[in-house]
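Protein chains in written order, with this note's numbering: chain S, 1 to 166; chain W, 1 to 166.
One thing to keep in mind: the hints can contain errors.
Intra- or inter-copy, both count: the list cannot distinguish identical chains.
Claimed, not checked - For lysine to aspartate or glutamate, the following EDC-like pairs were computed, each having C-alpha atoms within a straight-line distance of at most 20 angstroms:
| # | residue 1 | residue 2 |
| --- | --- | --- |
| 1 | 90 | 16 |
| 2 | 148 | 58 |
| 3 | 53 | 150 |
| 4 | 12 | 150 |
| 5 | 139 | 16 |
| 6 | 53 | 149 |
| 7 | 148 | 20 |
| 8 | 148 | 89 |
These aren't lab readings, by the way, just hints derived from the structure by calculation.
There are 2 protein chains.
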Amino acid sequence: MAGTRLDPIDRKILAELQSDGRMTNVELAKRVGISAPPCLRRVRTLEEQGYIKGYHAEIDARELGFEVQVFAMVGLASQAETDLSRFEEKCRAWPLVRECHMLNGEVDFILKCVAPDLSSFQSFLTGELLTTPNVESVKTSLVIRGSKDDPGVPFDVLEKRLETSA
Amino acid sequence: MAGTRLDPIDRKILAELQSDGRMTNVELAKRVGISAPPCLRRVRTLEEQGYIKGYHAEIDARELGFEVQVFAMVGLASQAETDLSRFEEKCRAWPLVRECHMLNGEVDFILKCVAPDLSSFQSFLTGELLTTPNVESVKTSLVIRGSKDDPGVPFDVLEKRLETSA
DNA sequence: GATAGGTGCGCAATATTGTTTCGTACAAGC
DNA sequence: GCTTGTACGAAACAATATTGCGCACCTATC
């Protein structure tokens, strides 16, 4: 394994595991063109080096009763680092908030939320988010339909990029 | 398996696989408190019934050279269904666009994008997104830092919900 | 209340996969 | 040209996945 840089086989492994994270090691080895033992060693190394941060089953939220998905744009009154951190900490504690990203521009944070129905989201919004100190403005947008939801990273872009820079 | 409704063991299985999608079946069985064979049968059924839509390795985008993450708010000139579908189709074809959600309100779509650097995103923005017919307005926000990025669904909320409604 | 049908469990056996061990090949540096 | 480091693959072994039963439980029907 070349220090910390990835060779084409490593990238292929990452791409395969991103698209099917439960693939057996022998199947993976077959696909990337090496035998099982070195393939497993590579996977372990990629995990240890942090290229792979985990494996997750993709669950159908609607089937489970989470009918509602909402994006919330949040503006804070104070953007001092302490206040930013405090808000991030809040978000981590709210289970309905699945993602929280700090943004540049007029909006400070964007939150991706799920909820069983509109009224549960509303009570979260009015009972939690809007009453949080330092939260100045919240603009919410309901997701009408999902058009695309691909995980992670586009490996084809990566490969094309490495070709041209080589 | 009760028709299409899930029992507590099924929900535990989903929760466990969401948090570690590569767990072995024997480990999973141990955690949910049944033996391996029925556990595997349940997993297969959950897959077939669509509760589990897939398994994915979580890849560190930054480590792989995707330094930039951007949210793009897109407004279209026409919201006729044909035009909406056409735009969704475009999004599906763009590898830098990882997610695309149709929203209510003033903005029609929100796109989550990744790119190796700011200039690649800029050239996607000006060369692709802004030149797409029917795209009227695009407002982009750079992600300064990620504060939370949990996958899927909050199972603790689900359990609490089922308790009270029982 | 028997009893038949359905559902889901666990044990045991087998097939498949994961993991370790070890010998070999290739490349870089002295 | 020798050493060292790195990564591969074959083989052996350990663990897991998967299949094939038989048993218990629940429910409905008579």
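Which of the stated hints cannot be reconciled with the structure, identified by number in ascending sequence? 1 and 5
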